[in-house]
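**Student:** One letter stands for each residue in the lines below.
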Amino acid sequence: MNVEREGDYITLSMGPHHPATHGVLRLEVTTDGEVIRACKPDIGYLHRSIEKIGEFLEWYQFVPYTDRVDYVCSMNSNHAWVCAVETLLACSEETKLAIPERAEYIRILFAELNRISSHMVGLGSMTMDMGAFTPFLHALSQREFINDIFEKTCGARLTYNYMCVGGLVRDLHPGAEEEIRAMLKGLERAMIDFNRLISSNNIFKARLAGVAAVSAEDAVSYGLVGPNLRGSGIDFDLRRDKPYGLYGRFQFEVPVGKAYAGSEGRLGDCYDRYVVRLLEVLESIRICRQALDQMPPASGVEDDLVGGWCVAKAAQKALRKPPVGEVYFRCENPRGETGYHIVSDGTKFPYRIKIRTGSFTAMSIFEKLVPGLMIADLVALIGSFDIVLPEVDR
Amino acid sequence: MIPRSPGKVRAKITHALERGSEKSIALASSPGDGYFSGSMSPVPSRNQSPGTALSFDAIFAKVQVRFPAAGAGSAPNGARWIEVPAPQALDVANFLKGDPDLSFDSLCCLSGIDLLRFPAPEKDGPTSDALVCAYDLQSMKHRHELMVKVCAPRPKPEVPSVESVWGVAGYFEREIFDLLGVEFPGHHDLRRILTPQDWVGHPLRKDYVYPEAYGGVALKREGQTFESGPYK
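So the protein lines, in turn, are chains G and L. Sequential numbering of the first sequence, starting at 1, is according to our numbering. Sequential numbering of the second sequence, starting at 395, is according to our numbering.
Hints were generated in silico from the structure; no laboratory data involved. Bear in mind that the values here come from a model prediction, so they are computed numbers and not experimental data. Be aware that one or more of the hints could be misleading.
Here are the simulated DSS-like pairs of lysine-lysine, each with C-alpha atoms no more than 25 Å apart in a straight line [to be verified]:
{"#": "1", "chain 1": "G", "residue 1": "K317", "chain 2": "G", "residue 2": "K96"}
{"#": "2", "chain 1": "G", "residue 1": "K52", "chain 2": "L", "residue 2": "K543"}
{"#": "3", "chain 1": "L", "residue 1": "K550", "chain 2": "G", "residue 2": "K348"}
{"#": "4", "chain 1": "G", "residue 1": "K242", "chain 2": "L", "residue 2": "K491"}
{"#": "5", "chain 1": "L", "residue 1": "K600", "chain 2": "G", "residue 2": "K321"}
{"#": "6", "chain 1": "L", "residue 1": "K614", "chain 2": "G", "residue 2": "K258"}
{"#": "7", "chain 1": "L", "residue 1": "K550", "chain 2": "G", "residue 2": "K242"}
{"#": "8", "chain 1": "G", "residue 1": "K52", "chain 2": "L", "residue 2": "K614"}
{"#": "9", "chain 1": "G", "residue 1": "K317", "chain 2": "G", "residue 2": "K348"}
{"#": "10", "chain 1": "G", "residue 1": "K348", "chain 2": "G", "residue 2": "K321"}
{"#": "11", "chain 1": "G", "residue 1": "K52", "chain 2": "L", "residue 2": "K600"}
{"#": "12", "chain 1": "G", "residue 1": "K185", "chain 2": "G", "residue 2": "K152"}
{"#": "13", "chain 1": "L", "residue 1": "K614", "chain 2": "L", "residue 2": "K600"}
{"#": "14", "chain 1": "G", "residue 1": "K313", "chain 2": "G", "residue 2": "K348"}
{"#": "15", "chain 1": "G", "residue 1": "K368", "chain 2": "L", "residue 2": "K491"}
{"#": "16", "chain 1": "L", "residue 1": "K535", "chain 2": "L", "residue 2": "K491"}
{"#": "17", "chain 1": "G", "residue 1": "K321", "chain 2": "G", "residue 2": "K52"}
{"#": "18", "chain 1": "L", "residue 1": "K550", "chain 2": "G", "residue 2": "K52"}
{"#": "19", "chain 1": "G", "residue 1": "K258", "chain 2": "G", "residue 2": "K242"}
{"#": "20", "chain 1": "G", "residue 1": "K368", "chain 2": "G", "residue 2": "K40"}
{"#": "21", "chain 1": "L", "residue 1": "K550", "chain 2": "L", "residue 2": "K614"}
{"#": "22", "chain 1": "G", "residue 1": "K242", "chain 2": "L", "residue 2": "K535"}
Some chain L residues close to chain G (C-beta under 7 Å, calculated; not the full set) [what the hints assert, rightly or not]:
{"#": "23", "residue": "P470"}
{"#": "24", "residue": "A473"}
{"#": "25", "residue": "S500"}
{"#": "26", "residue": "F512"}
By construction, the Cβ of each residue, glycine as well, lies at the ideal position given by its N, Cα and C atoms.
Work the whole structure out from these sequences, hints included.
**Tutor:** See the structure below:
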């Protein structure tokens, strides 16, 4: 990067323990007063070599590690991994698995609930970065209700290890459906409150409107995915355009950025990404309700193809000798496309696992996007990209 | 202060909320129609594929006319890809993005694979000890997907950088350089990205030797050995 040497430049190290970087991210920023002239992200502080560890584990043993890839939306990470392995198994008639229908619905229900709770963290911490503390508490309290439901069903509040190849570890806990419905009702009211509290707040809007606008072309080229891509006005959602699982059966809209901030806003600015996340929560609520409506009742038998929750025996047999080959499977996570590129050599250990995450690719645009912003805008940008560092470093 | 008058966004969001609850009420009261009744016909999505998506064979034919050296590869599970010789990778990338019928404008994933321990394929596949870069591409316009593979022979693995074509490739290439040791000539800033700058070796290679210590800190217990492969 060419930095013109005029005036006094100071190179600052922002992070790795800066509270606004959402984890251990270090940004090397060259500043001219308050204006940033160059920015180099330094990542890798949380690298746990999950991809290498995966080569030493059997296919089903890798599920708990996917929890740790992105701990804010562990359910979605689980979902992506088990769908990827099931796609590989489906390539051969011998190993193809028929997943119980109820299990598929519960997967989607929990994936959407986890999407909501992840967006709550994203929206909440973004408002807190902008100096508003109250909405953060409102958002996090809603997330607690979702965590309670997860805890009752699978015993954990953060890293669930709930989905497995072939279905789920266990069925929903008794009375879960009523609890989820009641929770969704409260959540809807809370979203109205949250929206009234902060969305049209003048200071909040002024901090975000027109800041760090990403053009549609750049968003595609630099691999922005999920809400960040849609914030730039591109109407693409894997759940709708490449449906996996049973997503083809649901009716929902895909919110897209359209310069929501009005006259001072621009398409693809931080405020658009904020609004897209906010609206996505509402769509997730719709999907959850539809999943609850359509879900077949529990049969009480594990292996039942309609009302059961897992075909564990068939899955174990299939995973001993999976087909040889490659699969690239893409899944829509709260932070966008999560892809698993799996290479199998036909043994019970994966030969290679490559995890493509939305936050990692979002980091690649920083060098281009940040020069010219104020330091305070950089905080807004990090918040609006909703970066989760374990996912960047894996 | 919270503005009393409903702002534009607020109106939009509350409208979305109202619309959502109206629908669920309507569905609950009239269980005869739509997906609620259990007929569960797939809902046609608003943004269907525009109908200009090409099959793998059509894409491969187009590429081969321009680059006769390109070949098609396949795996036993049915996965198919185009194999490109390493020196032509940048030209092929430019062609794939620039051609209006293909327009692969999005690089979804770029993964490096070390084939050292991979069982040799029956047909003429990649040479067994090569390092492979697999590009998973997608076209936002036509909504078709493609996997392209570039083999880099082991002693001096080099693949031209495609950073100028897809901006995101810069980070993916740094990751592959770091973890698999493939060089990308033309990259503006090829450094290690996930491991420390003074790390020795490339961890995702199959013949990686685990270090004894890093920065004076022991990484192994006494007498502990790691094999580079699963414990069988």
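**Student:** Against each hint, give a clear statement of whether it holds in the structure.
**Tutor:** Cross-check of the supplied hints:
1. G:K317 / G:K96: 11 Å, holds
2. G:K52 / L:K543: 21 Å, holds
3. L:K550 / G:K348: 31 Å, violated
4. G:K242 / L:K491: This hinted pair holds, its Cα atoms lying about 21 Å apart.
5. L:K600 / G:K321: Given that 25 Å is the threshold and the Cα spacing comes to 21 Å, the pair holds.
6. L:K614 / G:K258: Status violated; Cα separation ~54 Å.
7. L:K550 / G:K242: 39 Å, violated
8. G:K52 / L:K614: 17 Å, holds
9. G:K317 / G:K348: Satisfied, since the Cα-Cα distance of roughly 10 Å is no more than 25 Å.
10. G:K348 / G:K321: 6 Å, holds
11. G:K52 / L:K600: Between K52 of chain G and K600 of chain L the Cα gap is close to 10 Å, so the pair holds against 25 Å.
12. G:K185 / G:K152: 19 Å, holds
13. L:K614 / L:K600: 19 Å, holds
14. G:K313 / G:K348: 15 Å, holds
15. G:K368 / L:K491: It holds: about 21 Å lies between the C-alpha atoms, which stays within 25 Å.
16. L:K535 / L:K491: Answer holds: K535 of chain L to K491 of chain L is near 11 Å, not above 25 Å.
17. G:K321 / G:K52: 21 Å, holds
18. L:K550 / G:K52: Holds. K550 of chain L to K52 of chain G sits at ~23 Å (cutoff 25 Å).
19. G:K258 / G:K242: Since the Cα atoms of K258 of chain G and K242 of chain G sit roughly 23 Å apart, the hinted pair holds (cutoff 25 Å).
20. G:K368 / G:K40: 10 Å, holds
21. L:K550 / L:K614: 30 Å, violated
22. G:K242 / L:K535: Holds - the C-alpha atoms of K535 of chain L and K242 of chain G are around 14 Å apart, at most 25 Å.
23. P470: 4 Å, holds
24. A473: 5 Å, holds
25. S500: 5 Å, holds
26. F512: 6 Å, holds
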